[in-house]
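Participant: Protein chains in written order, with this note's numbering: chain A, 9 to 183; chain B, 86 to 336.
Don't read these hints as lab results, they were simulated from the structure. Don't take every hint at face value.
Computed spacing ranges between beta-carbons, pair by pair [said to hold, decoys possible]:
1) Gly263(B) to Arg179(A): 24 to 30 Å
2) Arg129(A) to Gln164(B): 32 to 38 Å
3) Ala204(B) to Ala45(A): 56 to 62 Å
4) Ala152(B) to Ala122(A): 24 to 30 Å
5) Glu104(A) to Ala204(B): 53 to 59 Å
Glycine residues also receive a C-beta, built at the ideal position from the N, C-alpha and C atoms.
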Amino acid sequence: MQQEVVLALLAKEPSHGYELRARLGQALGPLGDSMNAGQIYVTLTRLEKAGLVSSERSAGLADRPDRKVYELTAAGQQRVAGWLAEVSWPRPDLTEFHLKLIAAAAAGLADPVAIVDAQRRELLRRLREAQRAAMAEPDGSAAGLLLEGIVLRLQADLRWLEACERNWTTRRKQS
Amino acid sequence: MNQTPSTQVLRARGLRKVYGREAGLVRAVDDVDLEVAAGETLAVMGPSGCGKSTLLHLLGGLDRPSAGEIWLNGQRVDQMSERALGRLRRDGVGFVFQAFHLMDELTAVENVELPALLAGRSPRAARRRAAELLDRVGLTDRASFLPSALSGGQRQRVAIARALSNDPLVVLADEPTGNLDSEATLDVLRLFEELHEAGQTLVIVTHDARIAATADRLVTMRDGAFVDETRLTGGSTGQLGELAGLTGLDG
Numbered sequence: 009m010q011q012e013v014v015l016a017l018l019a020k021e022p023s024h025g026y027e028l029r030a031r032l033g034q035a036l037g038p039l040g041d042s043m044n045a046g047q048i049y050v051t052l053t054r055l056e057k058a059g060l061v062s063s064e065r066s067a068g069l070a071d072r073p074d075r076k077v078y079e080l081t082a083a084g085q086q087r088v089a090g091w092l093a094e095v096s097w098p099r100p101d102l103t104e105f106h107l108k109l110i111a112a113a114a115a116g117l118a119d120p121v122a123i124v125d126a127q128r129r130e131l132l133r134r135l136r137e138a139q140r141a142a143m144a145e146p147d148g149s150a151a152g153l154l155l156e157g158i159v160l161r162l163q164a165d166l167r168w169l170e171a172c173e174r175n176w177t178t179r180r181k182q183s
Numbered sequence: 086m087n088q089t090p091s092t093q094v095l096r097a098r099g100l101r102k103v104y105g106r107e108a109g110l111v112r113a114v115d116d117v118d119l120e121v122a123a124g125e126t127l128a129v130m131g132p133s134g135c136g137k138s139t140l141l142h143l144l145g146g147l148d149r150p151s152a153g154e155i156w157l158n159g160q161r162v163d164q165m166s167e168r169a170l171g172r173l174r175r176d177g178v179g180f181v182f183q184a185f186h187l188m189d190e191l192t193a194v195e196n197v198e199l200p201a202l203l204a205g206r207s208p209r210a211a212r213r214r215a216a217e218l219l220d221r222v223g224l225t226d227r228a229s230f231l232p233s234a235l236s237g238g239q240r241q242r243v244a245i246a247r248a249l250s251n252d253p254l255v256v257l258a259d260e261p262t263g264n265l266d267s268e269a270t271l272d273v274l275r276l277f278e279e280l281h282e283a284g285q286t287l288v289i290v291t292h293d294a295r296i297a298a299t300a301d302r303l304v305t306m307r308d309g310a311f312v313d314e315t316r317l318t319g320g321s322t323g324q325l326g327e328l329a330g331l332t333g334l335d336g
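This is chain A alone, in the form it adopts within the complex:
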């Protein structure tokens, strides 16, 4: 995840690190569990060095880093606006798997169909996990929407594996 995510979370209002973490937690649900608790502070420190956020200690509180209130600088606000307008989309990396099948078949090292089967087993396990997590979310939950996206992507990948299976079983029969 990028620094911009943390910046954009700050756009609502000046906040403590733990408040940002709570907002992230709400948006990510069970997916946020894998996040390291200290990551957000590391990112905030970097953003401060880069001049995108400034911080101030809350009055009358101990000097724990936790007690700092962070705020976007003008440069930070500009970066957030730019990020929101940016069109970026994660690239699914299918090429590596595709070439693996081709190389395995060409060298006679492994059966491409068996490789497809193994991949399907793994993706179905992930789909099961994502689906269960999605079904456990209450209606209208932000994390549920993200989980649905993961479920749909896995379904798309599994459909591609079906196409791979068809293609390679046909080739195997012809050879």
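Given the structure of chain A, go ahead and fit chain B onto it with the hints provided.
Facilitator: Below, chain B without anything else, positioned relative to chain A:
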């Protein structure tokens, strides 16, 4: 999973179904061995034409195998008389089909009570059971509707309620989400999960990855044979965070 025979609700050995002969011979099901434990959900996946529907028909006594043995709850099924097989289809097995197969001229509750009536239950007991089942699938308020007045997802839920009418040993589902949009698919998924939690034994034949992913165990079929088997339960893949792109927040 316990492998002792007593926990196996459904078992098949050397199951075959062939059509045609000589050059035109088709091995729809080719030497399949299968065991389904009590309370287990098994999914069978495979490309269309791989023989998975034929397999399901054999298991449920809708069709007879060319060779091999089928045991349901310790009872040999493949050699039963037509009459005994009819009883088995009615009481021992619940079917769910892709195209629902409801009776168009009967209301939802009449469809659901039909198997109980055919099994000789009193009309009152059959109606009470049907009402319970409709409640279980969330369709109490649609009990008096004809299938034509129901959505696809609702029709399939009625069909699932009907499949449960005689407390079958196993529910056999053939592409149960094949005709449904994604929201209705989700309803059916939830329902199967509930049945699973209630201890119902399920065999689902599908090429819908979502419903296959609800199973405890998955077998892949190709050209009539089982070619791959995997257990989906047990342990997290630990991949959820990575799948969401949460591979570190340090930019």
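Participant: May I ask which of the numbered hints given earlier this structure violates, with the numbers listed in increasing order?
Facilitator: none
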